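Chains as they are written, first to last, in the numbering used here: chain A, 3 to 439; chain B, 10 to 178.
Calculated from the structure, these hints are not laboratory results.
You may find that some hints are simply not true.
What the hints assert, rightly or not - To give an idea of the interface, some chain B residues facing chain A are shown, with a C-beta separation under 8 Å as derived from the structure: (1) S67; (2) L72; (3) M77; (4) H78; (5) F98.
Claimed, not checked - Below, simulated EDC-like cross-link-like pairs (lysine to aspartate or glutamate); rule was C-alpha separation at most 20 Å, straight line: (6) A:K247 / A:E196; (7) A:K117 / B:D68; (8) A:K247 / A:D311; (9) A:K345 / B:D171; (10) A:K210 / B:D68; (11) A:K345 / B:D134; (12) A:K345 / B:E99; (13) A:K273 / A:E196; (14) A:K117 / B:E66; (15) A:K430 / A:E57; (16) A:K75 / A:E356; (17) B:K90 / A:D311; (18) A:K395 / B:D134; (19) A:K210 / B:E66; (20) B:K144 / B:D26; (21) B:K154 / B:D33; (22) A:K199 / A:D344; (23) B:K144 / B:D37; (24) A:K247 / A:E301; (25) A:K345 / B:E138; (26) A:K117 / A:D95; (27) A:K395 / B:E99; (28) B:K144 / B:D171; (29) A:K75 / B:E66; (30) A:K117 / B:E166.
Model, not experiment: these values are computed from the prediction.
All residues carry an ideal CB built from backbone N, CA and C; glycine is no exception.
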Amino acid sequence: MTLATPTETASENTRAENVRTDKVKVLPFDWPEEGVTRIPFQIFSDPAVYKLEQERIFRGPVWHFLCLELDLKEPGDYRTSFIGDTPIIAVKDRDGEINAMVNRCAHKGALVCHKERGNAKALSCVYHSWTYDLSGQLMGLAFRDGLRGKGGMPDDFSVKDHRLQPVRSAVFAGMVFGTFSDETPDVESFFGTEMCKILRRNFSRPLKLLGYHSQIIHNNWKLYAENVRDSYHATLLHTFYTTFKINRLDMDGGIRITDAAQPWHHLSFAKRATLDAAEEYKAAEVHSASYETRLNGPELLEAWNEFDDGITHSIQALFPTLAIQFTLNSLAVRWFTPRGVDKTELFWMYIGYEDDDEAEERMRIMQSNLTGAAGLVSLEDGCINEFVQRGTKGSGQSASAFMEMGGKTVESSEASRATEVAIRGFWKGYREIMGFA
Amino acid sequence: MTTKTAAKRDVPVLNPDLRARVADFLADYAHTIDDDRLEEWPGYFTADALYHITTRESDAAGLPIGIMHCRGRGMLEDRIKALRTANIFEPHSYCHILGATRLVDQGASVLSARTNFTVTRTMQDGGTELFAIGKFLDEIVVDGKALAIRSRRVVLESRRIDVLLVIPL
Chain A
3 MTLATPTETA SENTRAENVR TDKVKVLPFD WPEEGVTRIP FQIFSDPAVY
53 KLEQERIFRG PVWHFLCLEL DLKEPGDYRT SFIGDTPIIA VKDRDGEINA
103 MVNRCAHKGA LVCHKERGNA KALSCVYHSW TYDLSGQLMG LAFRDGLRGK
153 GGMPDDFSVK DHRLQPVRSA VFAGMVFGTF SDETPDVESF FGTEMCKILR
203 RNFSRPLKLL GYHSQIIHNN WKLYAENVRD SYHATLLHTF YTTFKINRLD
253 MDGGIRITDA AQPWHHLSFA KRATLDAAEE YKAAEVHSAS YETRLNGPEL
303 LEAWNEFDDG ITHSIQALFP TLAIQFTLNS LAVRWFTPRG VDKTELFWMY
353 IGYEDDDEAE ERMRIMQSNL TGAAGLVSLE DGCINEFVQR GTKGSGQSAS
403 AFMEMGGKTV ESSEASRATE VAIRGFWKGY REIMGFA
Chain B
10 MTTKTAAKRD VPVLNPDLRA RVADFLADYA HTIDDDRLEE WPGYFTADAL
60 YHITTRESDA AGLPIGIMHC RGRGMLEDRI KALRTANIFE PHSYCHILGA
110 TRLVDQGASV LSARTNFTVT RTMQDGGTEL FAIGKFLDEI VVDGKALAIR
160 SRRVVLESRR IDVLLVIPL
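The shape of chain B in the complex, shown without the other chains (with noise of 0.2 Å):
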């Protein structure tokens, strides 16, 4: 950032430790999906925790219902017992790439964190295709070394999904 121009901004130093952690942290979520551990996803939140997936269009008019809606761990478990052993679709993968975390500390112990990212979709045909564009609006509540996603909003730039959404973002 320069200081020559006007309109400079003040960003605040994060301890860079802390920063890399999350970092770490938020990469891992993602290869947890991409690498099909998807038991070990409801892990990344608290236990009371929010998991929100709407669209860019829901989310601005403050709409409550998007996508998919998951109050407390116990159903993102439930989400993935069902993938595993209730759900029928064709078998996939994702490929999650994510842009720069912009981290705020909010202070007692809570960060909040937003992270465009970019998800590809390989169905059995053996093709690679976009499916999701968007960004997650996160807050991490940092406890000790352990850190733990107490509210992700997942909100998409489409209002489209292509074919179904089993697999969590």
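Chain A extracted, bound-state conformation (with noise of 0.2 Å):
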């Protein structure tokens, strides 16, 4: 993969004796020579790293989750979204067809689609009435002869030379993916033929909405990156996982790092059944098994095995802002936006298959309250990050996150997940494509 060379640097305040000098200047800062096991505290707060993202991460040779298929059921209905910073609509056409753009008129720059659905015959600006067919090409717009014989546009305008711009778009396992990059490699490439094959897993059959919700989280983007991928916290910070032997490190599980040029993407798994308690859990006192293990009203943990592979809970992250959650029974979408370098939008999508008798989804409609913004495993995640956030400022020049838990390197991790790991990994990935490598 290349990455264009930057034409500037990225902010007037990068100190020469930071830059390498082998690089063009776009870290205002020094990455610590340890490399993926250090990292810097300042990429969470630098505005100049955060405008560097939106170029080289979201307009750059990345596919981004923009929606399920299942919200552009009927030719016409259309899913907007952001790709970073950018408004993207995503729509079917008449042809089935699903296609991403730029959800900017190619007129003044003024949003084309205001609401998140909605079903359309053209994608018309309510500015100056530009309209657009649904593949982006503009059809027609108001006035374009005058009135009267006066004013309209010249002589050599056509309609043919404007379109709302367009985006790359893919469709894989019942999910649509734009990129703004002809670089970018096909949606099965990009993601490898290990995570390809759990999305398969998870979404082979036809898939139903059961309810969705967002959150802001008041912390960057990458800190919930990182997040998702710390399988080390996960069974420390969220007890209810631990209390009632939902996720523990002592069941077999672990860490599949992709199988793709870069290790970007991860599954982190565990098999329930194959729970054997380990004393390390008491011996650390850990605040997450302390909680006594009896629920009055049970049926909120009622489960079934729904795959043969014994797996029961995973959550897959793919690079850079989409991950999977398959909780037990409960399978959801959580996907997150940048909305600024401190605050982030994070999406939660609870979905069902259509053919769930009334007693599966029941249990996943229980199972629910395991995660989201009341989640009672997930619920710590909208605060967590932005303590680092809020910790982190100040730290100056030197300071930088310790990451080695389960050693330095970056590879699959098939029988522990008191590792760091994926966090490696996805910085191993960041820094390659920001440049910063």
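Taking the hints as your guide, dock the two standalone chains into a single complex.
The structure is reproduced here in structure tokens:
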């Protein structure tokens, strides 16, 4: 994968003495020599880095989640979303093809679609009635020939020359992705065989939307990207997991890193039936193992074995801002959109299958209590990343995170999830694509 | 209500004592949460009650999953137990502001009630911010002197929760 050489320095504050001489001046501070085991805290709050991420990641050679295919059932169904800061429309046309484009009128730049979901025969900007077909091609506009022979567009104006900026799109496993770059490899190559296998496992049947909401978290988007890859914290911070034996590190499980050239994506999984209670939870007086285990409403955790691979809990993180959770039977797509350097919107979409029976759907609904903004095993993540954001303020040039749990390298860890390997994988990919490596 | 307008609405007279009791009951519920007496919160519900927090969008779309879904008082108790002993979050407090309740007698000792609310949240930095606006859609069971919520659907205006939701509404 090649990266365009930046043509400008990312920040006027760039300090020459901190910039690697062999690179264009893009990182306005030093990345410690240890590489992916040290994350400079400033990376979470520097506006120049945020700006460069928009260019190199969000408009770069990466697939970004736009919506689910089930959001676009009928011709004309559209769903608006964002790739980084850029507003996007995904729409199904009359041939059944899904098209993606920037949600920005070619005339004055106004948003064309205002609603998050809707159905339209054509995409029309309300400002001056510039109207586009469902592929984004301009079809017509108001007063093109003026009024009473006066005004109007010049003779050389052609609707063919104007359209909504197209975004390359692809559908895989019921999910719609978009990318700004022609260099992005096809979706399956981008995610790699191992990741595609589990996506097919989870999304192989017709899907049914069960619910959605979002959460504003007051931290840089990369802190959530780390958090969702952090198998070390999951059973420590999220007490409910451990106590009710939904997910513990003393269950069989592991981390699978994608087999693509870049270790950007990962799957963390656990097999509930294999719990062999480890003394370390007690010995460490782990806060999370101290909660008494009886539920007054045990129906909350009623579950069934849905797959024959024994995996009962999985989190799959797909670079940069998508995660698929399958907690017991609760399947959810999580994705997060930066809303500024220290603010992120985290979206939760809960999914079942069209062929679920009533009891199965009921269990998915009950288990939805585990995650989301009020999730019994996830609500802590709403604040923990903010604690890092606040804690790293004023950290200066030299302070960085220490990330050597499970070693210093980036490779699959089938034997243990007491590791930060998936986080290191994220940073390896991030550093490469940003040109910081 | 004026009798001169064509669009007059018939509003059945409700037993004023009952109306006053429901108003006190709903105020007590809110004050119980605001005063951090959360262990008393499940006691406002029947044993088989539904407590469902969702968003206006999801409610309109008829989606079964919102933000929180409890069936039975046991699950409400579990939520409080988890909040007290398991969940980790920055301590904060609520203040409920309740709007007027529209109360309708459904017969068979069941009242339906709709009450708009505003809830502010005060965090550790000392600031108070708007946290939630929405409506309570309740079914209240009258059993002699006792009132109990059989169903409370909390429909939030926003689909975005700021930070997290752990204290019930």
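Unsatisfied constraints (hint numbers, rising): The structure breaks hints 6, 17, 20 and 22; every other hint is satisfied.
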